[in-house]
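Novice: Mind the numbering: the sequence shown is residues 1 to 322 in the UniProt record's numbering, read in order.
Pair ranges (Cβ atoms, derived):
1) Pro138 / Lys219: 24 to 32 Å
2) Ala187 / Glu140: 26 to 34 Å
3) Ser218 / Met30: 40 to 48 Å
4) Ser44 / Lys219: 41 to 49 Å
5) Thr53 / Lys216: 52 to 60 Å
6) Gly109 / Asp221: 29 to 37 Å
7) Arg11 / Lys216: 43 to 51 Å
8) Ser44 / Leu133: 33 to 41 Å
9) Ala220 / Asp108: 36 to 44 Å
10) Ala220 / Ser15: 47 to 55 Å
If you are wondering where the hints come from, they were derived from the structure by calculation, not from laboratory data.
Glycine is no exception: its CB is placed at the ideal position from the N, C-alpha and C atoms.
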Amino acid sequence: MATWLDFCTRRPGPSWKQGYFGISSRPLTMIEGEVKHITLGPMSAALGVLDSTRQVSWPFTIPKVGKPLQHYPLESVCWHAGLMGDADLDTELVGNISLVGEEHEGVDGDTPTDSQFHWTTEISRETRRLCPLVAANPPELAVNLWEHNWLVATSCPNRLWSHSSNNWDDLIAVLEDIVALVNANGAIYALGAMGKRHIGPTEYAGWVAMGFTAKKVSKADLDKLPDWDDKVAATRFKPTGHPGAALKTWISSYNTHRHSIKGSGNNNHVQVRAAAAKLRADATKADTALRSDLSDHEGDSGQHGSGSYTDAKAVKAVKDKL
Numbered sequence: 001m002a003t004w005l006d007f008c009t010r011r012p013g014p015s016w017k018q019g020y021f022g023i024s025s026r027p028l029t030m031i032e033g034e035v036k037h038i039t040l041g042p043m044s045a046a047l048g049v050l051d052s053t054r055q056v057s058w059p060f061t062i063p064k065v066g067k068p069l070q071h072y073p074l075e076s077v078c079w080h081a082g083l084m085g086d087a088d089l090d091t092e093l094v095g096n097i098s099l100v101g102e103e104h105e106g107v108d109g110d111t112p113t114d115s116q117f118h119w120t121t122e123i124s125r126e127t128r129r130l131c132p133l134v135a136a137n138p139p140e141l142a143v144n145l146w147e148h149n150w151l152v153a154t155s156c157p158n159r160l161w162s163h164s165s166n167n168w169d170d171l172i173a174v175l176e177d178i179v180a181l182v183n184a185n186g187a188i189y190a191l192g193a194m195g196k197r198h199i200g201p202t203e204y205a206g207w208v209a210m211g212f213t214a215k216k217v218s219k220a221d222l223d224k225l226p227d228w229d230d231k232v233a234a235t236r237f238k239p240t241g242h243p244g245a246a247l248k249t250w251i252s253s254y255n256t257h258r259h260s261i262k263g264s265g266n267n268n269h270v271q272v273r274a275a276a277a278k279l280r281a282d283a284t285k286a287d288t289a290l291r292s293d294l295s296d297h298e299g300d301s302g303q304h305g306s307g308s309y310t311d312a313k314a315v316k317a318v319k320d321k322l
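Work out the full structure, taking the sequences as your base and the hints as a guide.
Specialist: Next comes the structure, spelled out in structure tokens:
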């Protein structure tokens with residue numbers, strides 16, 4: 001089944017610009033991560049290249065302002081990390097076949113706009129949700145998040161996405177869910193790309209069992225994040241403006257504590273696996289309940305790109321870190 005993300009504008013590229021030797025796609029289970037590129041020019045020029053006879057293609061283009069364009073299904077094997085048929089293991093096998101390419105509108109020296117940061121995060125989250133090999137590891141550079149220049153000799157992505165800047169740190173911090181203890185009243189929240197969500201003692205016990213330690217934050221800082229609740233989650237979190245702006249600002253100031261938040265881990269594998277089993281059961285229960293509620297009010301929620309973003313989504317994010 002072809003996977004088109006529901007928050008992207010579908011703008012198909014040439015059908016012949018995909019695959020190798022008649023194999024034009026791979027299952028979602030083969031996808032291992034993403035490569036974030038820069039167009040080095042305006043959207044019009046990038047789309048002109050896509051539509052031309054040049055042997056290059058990619059699934060997503062993210063403009064400076066506005067929703068991403070999706071040119072090929074997630075399963076398509078595009079030519080974004082190397083030339084078609086160049087027989088290079090890094091570009092063909094690692095880059096084109098196992099990674100998803102995302103072009104960001106910009107020129108050298110640009111940093112991601114608030115809009116781009118928001119939408120590239122959405123694509124990364126969906127990739128983690130849909131592709132088990134991506135979700136098997138926490139978001140990490142050169143594991144499931146790649147710079148083009150690590151795969152082939154190129155300047156891309158220049159400074160737009162660069163390990164020498166904090167752009168990757170900001171993105172990774174947003175993709176990771178963390179646990180925070182609000183010092184105003186002792187309430188415990190999960191914080192992540194969807195905003196903030198209150199968690200109960202049972203779920204918190206699962207976090208603790210996996211080595212996570214709640215970090216104290218002020219209510220003022222917490223109030224900067226949007227609420228993540230069932231109603232918002234069911235509508236795919238579509239507030240006005242660019243929620244990435246406030247979230248990115250908050251995460252940036254908090255990023256220095258990211259590694260201490262994750263803690264030193266827990267070596268009691270029996271305890272960890274037991275906690276994971278409980279979280280999986282809770283995830284299934286929450287997912288079933290939400291899908292039932294959505295089908296009563298909005299029709300089938302099981303289509304690609306919608307999914308469940310209540311407790312089940314947060315639980316899956318925790319499970320990804322095992």
